[in-house]
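**Q** Take a look at the letters that make up each chain.
2 protein chains.
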Amino acid sequence: MIRITLPDGSVKQYESSVTPMDVAKDISEGLARNVISASYNGETLEASTPLEVDGDLVLYTWNNPEGKKAFWHSSSHIMAQALEELYPGVKLTIGPAIENGFYYDVDFGEHNVSDKDFATIENKMLEIARGKHDFKLREVSKADALSFYRDQNNEFKVELIENLQDGDITFCDHSTFTDLCRGGHIPNTGIVKAVKVLSIAGAYWRGDENKPQLTRVYGISFPKQKELKEYLELLEEAKKRDHRRLGKQLELFTFSRKVGQGLPLWLPKGTALRHRLESFLKNAQQKAGYEMVITPHIGQKELYITSGHYAKYGEDSFQPIHTPKEDEEFLLKPMNCPHHCEIYNSRPWSYKELPKRYAEFGTVYRYEQSGELHGLTRVRGFTQDDAHIFCTHDQLDEEFKNVIDLVLYVFGSLGFENFTTQVSIRDPENPEKYIGEPENWDKAEQAIISAAEDKGLDYVIETGEAAFYGPKLDFMVKDALGREWQLGTIQVDYTLPERFDLTYKGSDNESHRPVMIHRAPFGSMERFVAILLEHTGGNFPLWLMPEQVIILTISEKYEKYAQKVLNLLENNEIRALIDNRNETMGKKIRDAEVTKIPYILVVGENEERDNKISVRQHGGENLGTISVEQFTEVVETEISKTLKKFKE
Amino acid sequence: MIRITLPDGSVKQYESSVTPMDVAKDISEGLARNVISASYNGETLEASTPLEVDGDLVLYTWNNPEGKKAFWHSSSHIMAQALEELYPGVKLTIGPAIENGFYYDVDFGEHNVSDKDFATIENKMLEIARGKHDFKLREVSKADALSFYRDQNNEFKVELIENLQDGDITFCDHSTFTDLCRGGHIPNTGIVKAVKVLSIAGAYWRGDENKPQLTRVYGISFPKQKELKEYLELLEEAKKRDHRRLGKQLELFTFSRKVGQGLPLWLPKGTALRHRLESFLKNAQQKAGYEMVITPHIGQKELYITSGHYAKYGEDSFQPIHTPKEDEEFLLKPMNCPHHCEIYNSRPWSYKELPKRYAEFGTVYRYEQSGELHGLTRVRGFTQDDAHIFCTHDQLDEEFKNVIDLVLYVFGSLGFENFTTQVSIRDPENPEKYIGEPENWDKAEQAIISAAEDKGLDYVIETGEAAFYGPKLDFMVKDALGREWQLGTIQVDYTLPERFDLTYKGSDNESHRPVMIHRAPFGSMERFVAILLEHTGGNFPLWLMPEQVIILTISEKYEKYAQKVLNLLENNEIRALIDNRNETMGKKIRDAEVTKIPYILVVGENEERDNKISVRQHGGENLGTISVEQFTEVVETEISKTLKKFKE
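If you read the protein sequences in the order shown, they are chains G and E. Each residue of the first sequence is one higher than the one before, starting from 4 at the first, in the working numbering. Each residue of the second sequence is one higher than the one before, starting from 4 at the first, in the working numbering.
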């Protein structure tokens, strides 16, 4: 008999060689139908693997990330079989599950495969799946494994096996297909009900451009046809909302080869949007007692030696800037904190004057390899909505909570309703990764967890995810398409105050060390705007839209009335413009729809006579013909739904 | 007989050997009394030098810079004589006139000289001056000159003479004193009526720290006692208004050794001031049709090769930033124009869409040697209130005039009433100093002069002062102390549009090259704030003051009433704060005066009873006890005196 502990802590006794699936059936038939994978004592295995020792069992369904991984990994076996059957002589290499789906890198040899063949591959995969073939893992000797692939002339698998230890090698069989595999499969192919080959791309064997070029076939699969359909719709929608595409369409930002990759140029409309976001945060920060500062974009190397950034990141960063004379060395600033520490240090402080909260929209530069760059989400230069709070130990809890309030205010005003948080603490097994004293780390980690508790946040604790200088609280928002993005961050830091020898005079007249909080609700303006674009598809909250209203004249005769309406709107702080072009109303409306201006007002003979406007919402809904005063109320009501005052 | 041409073009004939003073007397006795120096055929000489050939004569009085130079140069001879008489054995080296006064570098040997001795030196100088000794220049052979100084054991003068050509050496005698000298003196010592020894400092012989250390004695002199008095008052006032001192006192900015020299850190109050200035200009720019953009602080080296900046400044600039991989090279941006050109180039333009006016508060970095750095006026990183206008040739004149309007609006709103302008054109004798086609230069220079004419500006044309890429119009303001500062600049550029291949489609459907205007009314935020500080002594125009009003409570009992007053003021957009400390009214008023807050309101029993406030202006004037409404009007009237709306 062995003792099996389940995630809820309950312990069950079974005969040795019981399988996870047996345990699932013992719990309920319903559960058993959904179980597709399992882990035992932390190791992923098949639901059919016999368990021989006492241990902790977790059963996975499609709804667990681990379940999806087993599902997609198994699907890549099915795709491999389909490819072998359709393209005789194809050489398989590796085929892992990825975040969304799976791929297989193959050498098609003489065959030419293109997207025209995707349907054929999908049909063959579904045919195999419908056979409900069990996935069966078996041990194989190194000699037998090598001989199997040598017979197939597959030098790639042979190379893989040559690097494995005899005794550690397993094959997985299903149907007539066998693959070198470490395991982690679903019970049988029948669970896979829907498949899609997504794309093909070139890939080098082992990622080395000096090695043979292979073809990477990307696919995805689901247990229900409906889920595939939804996924493809999501993919289509995501493509439409791609911030790079919308940024171009709405003329928000651009890149220049000559200026350099990953260095965004903000166009006038994007700059107006960004300034509006910055003003919004500035206003809230002012109420929350922050003071703004401005610091340079470079600092002497010595500054970053003091801060520890140079030792940690120096080699992987933009390299030092030398001067033509005097032999000085400067670095592009990767963070604003060292500069803010020097501002704090520019005069002595009393405990009565703390906390000091220095805020700056500080542009920082960090080297990323060009292959890693992506639109505004992964750049080489970005502006943090940064602030550093210098406070006493007694003030830390309250300050941390105040920052959480500010972050929640920002998310609420921008329509991110759906978010979770992560408390990132250090990995106690790798203390060398962090700078600073363990007892300070303990205190800081405790302060964050207590603030998260107190504010009722939905949080998880992630060990080993802390910054090298301190633990942090990160906010992950879910966008309209259900994708997760890391946004704001709040970090406690006991280390920089030590390194910069920051002090204040306490009520005991002695010198003390302040605590520092780093925080950025948006994270970076670039990344935030990108996520906001993808979240809203460019239909920003009304208060944020650069242009809220466009007035279309039915003919040029009504320009004067349009101007009158415009003035009335501007008096009510509604941002509007007039389209008085000599074009058809249909064209004017279509053009207005592309710019995503939320309200389209039409003015012609009737409107002028009745002193009214015909109101149409972006997307088509007609609000009828109303007075400007009524319309102003509509706008104000709409704005007040998202934009509240901070700490009224 | 020789022919002498005077500056007004008139030609007079005189016997050869006539002196400039003779000519002056011939013109008028009054002029002759004031003439202290002259130049003949471009060479400075004594008023007593006989003229032997035909030539152009200019007579200098104290009111000419050349006259002042002769006056101060001669005064340094007088000081040298005084030092020789007071400190026997003192060794003289060199003693030139400088911008304000003169100095003499001397080796005092065994003597200890300090500021306690200044009065003695001054008295001795005045005693010599009163002797009305003529300055007489005479030629001397190299052998005699060397022997003269060898007898005095003056190795410094010996070294100077050894480097001179025999036949080129002159001595100047006055009273009992003789000095090696190239000439350029006033007629006699009696013209010097007032002297002041200002300071002493260490200086190395020939500026070389491996050579002997000398003592530099600074002095200044005037033809009237009253002028000295005024100068010393100005000096005292300038010291009080030194922006580095005020910047510290008002907590506007600081520097950090670790961040680096010449890299200002803006403290909260300075940042608020700067943001207010920026908002002011942003509002005016918006009305003038500018659009804001944001660009990164670095650019690929290629960008600056294209722009021509790299060829021109590369070696003397901050050196390129390398990447750890991919071997890219970036430069800190020294100017914003290349980035704005790339924004213009991000899409095609039609003539109907021009002009495009891109504005950015763009921070740029330029290397200066540490010895050249000075507070905020000479820094290594500064923020330009930059904009670039891309327009057609036909639009250039009007655009240039519009920019002049904007600059005049800025100066008017900030209390710079007194300014001149300079049109800087190229030096036609050194065409290799400039990039671009001569015919484009001609056109641009003409456009600037015509705009300056049209706007009725007080302008001078300076040949050879143009930027390397184009001619410009610079604005020089006179501050409250009469000192001149270069502020705003407007530059026409036909070169960058060529280099960046900028185009627009004309009404003829052909591709054309736009013209570019660079402009910055403030110049740089750092320099402008420095000059504004020195101009106003920190008493900024009311609209700009970070805090306009401070409310002092007579006792803590009146805090509630003070708060009511504060709310009323804030409703009228007046920035106020309360000092409710438990301190004497005298101390509160003194503290308020230091911060230069323009209005001090006192509230106590009487004020609360009558619902009024007692108003006191910064500097002491009492405005009596009035209602908040009346006070609001006072503030609004005061603001409207300087801050007008742009293009109302």
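Keep in mind that the hints were calculated from the coordinates and are not lab data. Here the structure is a predicted model, which means the values were calculated and not measured. Be a bit skeptical, because a hint or two may be false.
Where chains are identical, the list cannot tell them apart; a pair therefore holds if satisfied intra-copy or between any two copies.
[Stated by the list, open to error] Below 25 Å or equal to it, Euclidean Cα-Cα: the simulated DSS-like pairs (lysine-lysine) are:
no., residue 1, residue 2
1, 272, 359
2, 508, 591
3, 145, 644
4, 214, 304
5, 261, 304
6, 328, 232
7, 242, 199
8, 563, 227
9, 272, 285
10, 232, 243
11, 446, 436
12, 328, 304
13, 290, 563
14, 560, 355
15, 227, 196
16, 436, 328
17, 285, 508
18, 328, 214
19, 458, 15
**Q** Against the earlier hints, flag every one the structure doesn't satisfy and list their numbers going up.
**A** 3, 4, 6, 8, 17 and 19
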